[in-house]
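Chains Y, F and X, in that order, give the protein sequences.
Start counting the first sequence at 4; every next residue gets the next number (this note's numbering).
Start counting the second sequence at 23; every next residue gets the next number (this note's numbering).
Start counting the third sequence at 9; every next residue gets the next number (this note's numbering).
Read the hints as simulated data drawn from the structure, not as lab findings.
Each statement offered as a hint is correct.
With a Cα cut of at most 20 Å, we get these calculated SDA-like pairs of lysine to any residue:
{"#": "1", "chain 1": "X", "residue 1": "K44", "chain 2": "X", "residue 2": "Q245"}
{"#": "2", "chain 1": "F", "residue 1": "K290", "chain 2": "X", "residue 2": "S261"}
{"#": "3", "chain 1": "X", "residue 1": "K32", "chain 2": "F", "residue 2": "L185"}
{"#": "4", "chain 1": "F", "residue 1": "K290", "chain 2": "X", "residue 2": "D266"}
{"#": "5", "chain 1": "F", "residue 1": "K294", "chain 2": "X", "residue 2": "R205"}
{"#": "6", "chain 1": "F", "residue 1": "K79", "chain 2": "F", "residue 2": "Q109"}
{"#": "7", "chain 1": "X", "residue 1": "K202", "chain 2": "F", "residue 2": "P301"}
{"#": "8", "chain 1": "F", "residue 1": "K294", "chain 2": "X", "residue 2": "M248"}
{"#": "9", "chain 1": "X", "residue 1": "K202", "chain 2": "F", "residue 2": "D293"}
{"#": "10", "chain 1": "F", "residue 1": "K290", "chain 2": "X", "residue 2": "E249"}
{"#": "11", "chain 1": "X", "residue 1": "K130", "chain 2": "Y", "residue 2": "G179"}
{"#": "12", "chain 1": "X", "residue 1": "K30", "chain 2": "F", "residue 2": "Q184"}
{"#": "13", "chain 1": "X", "residue 1": "K203", "chain 2": "F", "residue 2": "E298"}
{"#": "14", "chain 1": "X", "residue 1": "K64", "chain 2": "Y", "residue 2": "Y102"}
{"#": "15", "chain 1": "F", "residue 1": "K294", "chain 2": "X", "residue 2": "S242"}
A partial selection of chain X residues facing chain F, derived with a Cβ cut-off under 7 Å:
{"#": "16", "residue": "D190"}
{"#": "17", "residue": "S192"}
{"#": "18", "residue": "M195"}
{"#": "19", "residue": "S196"}
{"#": "20", "residue": "H217"}
{"#": "21", "residue": "T221"}
{"#": "22", "residue": "Y224"}
{"#": "23", "residue": "I262"}
{"#": "24", "residue": "P263"}
{"#": "25", "residue": "A265"}
{"#": "26", "residue": "W271"}
In this text, a Cβ means the ideal position worked out from N, Cα and C, and glycines have one as well.
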Amino acid sequence: MQLFKDLWQDYRFKWSFTILCGLMIFASLSFFSPYDPTLWHEVPRDLPPSAEYYLGTESRGIDIFWMSTFAVRNSVIVALIAGIVSRLITVPVALIAGYKGGSTDRVLMFISDSFLVIPLFLILVMLTLLVRDKMNLITLGILLALFGWAWDARVIRSEVLTLRERGFTYTAILSGTGTFRMAMNEYMPFITPLVFATLINVMSWAIGLEITLSILGLTNLDIPTLGTMIFWALSYQAVLLGYWWWIATPVVLSIFLFVSLYWLSVSISEYLDPRSRIQRVGA
Amino acid sequence: MNNTILSTENLKTFYVLEVQGEQKVVKAVNEINLDIRENEIYGIAGESGCGKSTLLKALAAVIEPPLRLIDGSVFYHVDGKKIDVTQIPDEPMRRLRWDYVSYVPQGSMSALNPVKRLKDTYEDFISSHVAGKSRGEALQLARQHIVELGLPPQIMDAYPHQLSGGMRQRVTIALAALLEPQIIIADEPTTALDVVVQRGVVQLLREIQQRLENTIILVTHDMGIHANVADRIGIMYAGRMVEEAPTDTIFREPLHPYTQYLINSLPKFGDKTPRESVPGSPPSLTDLPTGCAFHPRCPFVMDICRQEIPEYKNVKPNHKVACWLVEEKSYGKAA
Amino acid sequence: MERLLEVDQLTKVFSLGSITSKIKITATDNVTFDMKPGEIFTLAGESGCGKTTTAKMVLGFEEPTSGTIMHQGKVQGNNEKVWFTEGVQAIFQDPFSTFNPLRTVDRYFFETVDNFGLADNKKDAIRLIDEKLRAVGLTYEEFAGKYPSEFSGGQLQRVSIARALLTDPTLLIADEPVSMVDASLRMSIVNLFKKLRDEFGMSVLYITHDLATAYYVSDRIAVMFRGNIIEMGSVEQVLMEPKHPYTQLLRESIPEADPDSRWKEKVNLSETEEQEYLRTGCRFAGRCPEVMDICKGVVPPDLLVNGVLVKCHLYQEQTADRQLVDVEMQS
Numbered sequence: 004m005q006l007f008k009d010l011w012q013d014y015r016f017k018w019s020f021t022i023l024c025g026l027m028i029f030a031s032l033s034f035f036s037p038y039d040p041t042l043w044h045e046v047p048r049d050l051p052p053s054a055e056y057y058l059g060t061e062s063r064g065i066d067i068f069w070m071s072t073f074a075v076r077n078s079v080i081v082a083l084i085a086g087i088v089s090r091l092i093t094v095p096v097a098l099i100a101g102y103k104g105g106s107t108d109r110v111l112m113f114i115s116d117s118f119l120v121i122p123l124f125l126i127l128v129m130l131t132l133l134v135r136d137k138m139n140l141i142t143l144g145i146l147l148a149l150f151g152w153a154w155d156a157r158v159i160r161s162e163v164l165t166l167r168e169r170g171f172t173y174t175a176i177l178s179g180t181g182t183f184r185m186a187m188n189e190y191m192p193f194i195t196p197l198v199f200a201t202l203i204n205v206m207s208w209a210i211g212l213e214i215t216l217s218i219l220g221l222t223n224l225d226i227p228t229l230g231t232m233i234f235w236a237l238s239y240q241a242v243l244l245g246y247w248w249w250i251a252t253p254v255v256l257s258i259f260l261f262v263s264l265y266w267l268s269v270s271i272s273e274y275l276d277p278r279s280r281i282q283r284v285g286a
Numbered sequence: 023m024n025n026t027i028l029s030t031e032n033l034k035t036f037y038v039l040e041v042q043g044e045q046k047v048v049k050a051v052n053e054i055n056l057d058i059r060e061n062e063i064y065g066i067a068g069e070s071g072c073g074k075s076t077l078l079k080a081l082a083a084v085i086e087p088p089l090r091l092i093d094g095s096v097f098y099h100v101d102g103k104k105i106d107v108t109q110i111p112d113e114p115m116r117r118l119r120w121d122y123v124s125y126v127p128q129g130s131m132s133a134l135n136p137v138k139r140l141k142d143t144y145e146d147f148i149s150s151h152v153a154g155k156s157r158g159e160a161l162q163l164a165r166q167h168i169v170e171l172g173l174p175p176q177i178m179d180a181y182p183h184q185l186s187g188g189m190r191q192r193v194t195i196a197l198a199a200l201l202e203p204q205i206i207i208a209d210e211p212t213t214a215l216d217v218v219v220q221r222g223v224v225q226l227l228r229e230i231q232q233r234l235e236n237t238i239i240l241v242t243h244d245m246g247i248h249a250n251v252a253d254r255i256g257i258m259y260a261g262r263m264v265e266e267a268p269t270d271t272i273f274r275e276p277l278h279p280y281t282q283y284l285i286n287s288l289p290k291f292g293d294k295t296p297r298e299s300v301p302g303s304p305p306s307l308t309d310l311p312t313g314c315a316f317h318p319r320c321p322f323v324m325d326i327c328r329q330e331i332p333e334y335k336n337v338k339p340n341h342k343v344a345c346w347l348v349e350e351k352s353y354g355k356a357a
Numbered sequence: 009m010e011r012l013l014e015v016d017q018l019t020k021v022f023s024l025g026s027i028t029s030k031i032k033i034t035a036t037d038n039v040t041f042d043m044k045p046g047e048i049f050t051l052a053g054e055s056g057c058g059k060t061t062t063a064k065m066v067l068g069f070e071e072p073t074s075g076t077i078m079h080q081g082k083v084q085g086n087n088e089k090v091w092f093t094e095g096v097q098a099i100f101q102d103p104f105s106t107f108n109p110l111r112t113v114d115r116y117f118f119e120t121v122d123n124f125g126l127a128d129n130k131k132d133a134i135r136l137i138d139e140k141l142r143a144v145g146l147t148y149e150e151f152a153g154k155y156p157s158e159f160s161g162g163q164l165q166r167v168s169i170a171r172a173l174l175t176d177p178t179l180l181i182a183d184e185p186v187s188m189v190d191a192s193l194r195m196s197i198v199n200l201f202k203k204l205r206d207e208f209g210m211s212v213l214y215i216t217h218d219l220a221t222a223y224y225v226s227d228r229i230a231v232m233f234r235g236n237i238i239e240m241g242s243v244e245q246v247l248m249e250p251k252h253p254y255t256q257l258l259r260e261s262i263p264e265a266d267p268d269s270r271w272k273e274k275v276n277l278s279e280t281e282e283q284e285y286l287r288t289g290c291r292f293a294g295r296c297p298e299v300m301d302i303c304k305g306v307v308p309p310d311l312l313v314n315g316v317l318v319k320c321h322l323y324q325e326q327t328a329d330r331q332l333v334d335v336e337m338q339s
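Working from the sequences, and respecting the hints, build out all of it.
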């Protein structure tokens, strides 16, 4: 609780947390949706926002408000999967490479660097085209995770490298602590803020990439996400026809999502940064 | 007695910090009156955390947030005029710096630009402070200076990381002395150095002082260094000065119990009798004890010590102490 | 009498440099010394002399290039890990980096107790920890639940010693324990070593460049210079009547808190460390005030003069030019 109260002092955390909470509540409304978002012609088409249809309706006869609750929910699910799965790969790789050093380190970093230099976008395009029909949120998330772990591996590894040389590593060894326990007890408190910050960054990146792929029509377009909403709006010429509510909704929601994720990441990692923690500790 | 070159009057500078929404005030320099003269080496001694580094910052007029000037002033006596450096604007202060007063902060051996050779650092320095010198002239000046101070000239072509810690420290001090400032302020110049190298650094400072006949203000916790190089010593405790006298007097007749402890806690060769450190630990500058700040650790504590702060004043010519024992004229007990 | 620690011809060579230019620096060169139970032995010298490298090898943190280390008659190897760590503990120079700033200090104590099975339950563990803390002048109440930043440097160093005492080691290796502590507070830590020797029969390998505290606390001393032990014997003899010119220089350079014993001559510091390491012959020849021609070409032999081991050509005539194989030290 103290943690939360401290974080709340930071205006960035305050705003981002509030907005994200709002978005989560918004997303959870999807469970109460009176309409199935994959069905067309449920409601009259192309109506601007009104008391009955809060955000208006689109050309396929779908209520935009309820559609966007699904969109936010699904985009966040993809992002979470991408983020968490990639952390599950990055952290062990970084810990092992950093602590062991030597040839283990070189091999792992070689693999990691290989993932970095692969032309990401081309491969993604190719893969999504191949698996498009079987693609769902989970497979998309895992796919993005496979490309999102490599960068941060080096970042976390370099933190482990410095930690290995610190005096308390020797103290732990002299206390009889084994390698695994040492990594968990001694190093994790330093690595956690990095993991968290990079998690949120990967989530942001995943949302952005999903939107990009969807706009290009490469994902499963029946699943409502922020990206697919934009795709449909564009393919129905919403901008030209003046149905601003259709294009504005996913764009505005995306902006809110990006900015609040960024602020959340920055405020939490500043708080968790060992340098500021040391100042706060025992104060 | 020489003229005064730097003085402070009731100087109070505190750190005002905000930690988790709460304000904390660190009383680092708490009513200090100093009178530093020309052509002397003035040593300031005290444990870590007593505020001596902050005092030096104030003397060098580097008072920046979170350090704030609460009260009092710092005066430089330049060409017969008394200038309050806490009040003058930035530009005249900048001109005073390095020309009149030169500040060598702690750990400054790491402040040399790591990607430049030493000679380039020296050249930059000279050309930014002394107008009208070409690169060649500046380099000449620098080399000459280095050699005069007994450092090997070939180090000019080296990068900082190629030199040992001691060598870097001496180079930094040489740089500080380059423009022949009236005052050199050095903060713990010998910490983290080996004993032979330490001697080299201290001897360099002495050499510079003898050559330029200027003033050096030296801060270190090691009384052995002060014994070897200082002319007068001021003992600082918890933000205040507690004793000041010429070096010989301080070592022969220390009046304040803290000074006595500082001297007796150092091992002497040929003497294996058991010795003790100062008992307890230094007080926190945010939460000072009442009365005399040393009273919780003082073996001669009296009631008045707990209630009132003793005045810092002359008990003999050239010997100032802030202690109730001396006030009560019962300092025979403390010896 | 079984020796507690025997170090024999211990050598460590580091290769520095890049692929194109490699220099080999012999950090420790055939270092040989031993320790008995219940004595304080100082390994003294300036930075870069090899004393810390020696300590790391004795602790098993570095692999020697050649030479042997024996603890209580057993050769140091990987199979004796638990017995070894129980018997040999260490404290280091910077108390603040010895402990993880993000964890409370008591966790290390509890971990040590757990890992070595020193207590059956938490109450016994606390009792044991409190006992060790009292031995260094602290109590459990003022220590529990605190982070490293809540202690002063001197206190934290004592906490460090308390942790090392948990397993009742026979040998404590103290690597520059007082260098980062104020000069006036060093006594409190160094007095502890005396107490450990007198009350618990522990031996302490005290590594330092501060000869003043070395004189005050140790029984025997070995002075190292650029990887070699250049003088070794009882602390009274070595420090009060130094024979090797380097020992004399060290002894003289100590700043004494006595205005009457100020430094008289100026010291000459012109060679770099690297140059000195790469010398053939005696490594001190570059700045030795009594250097002779032979010093520059021939490595000086280890000579025994009045019970003190000296590695210097100056004393060649005084002994019968013997190479020492085994030295039994009387203190």
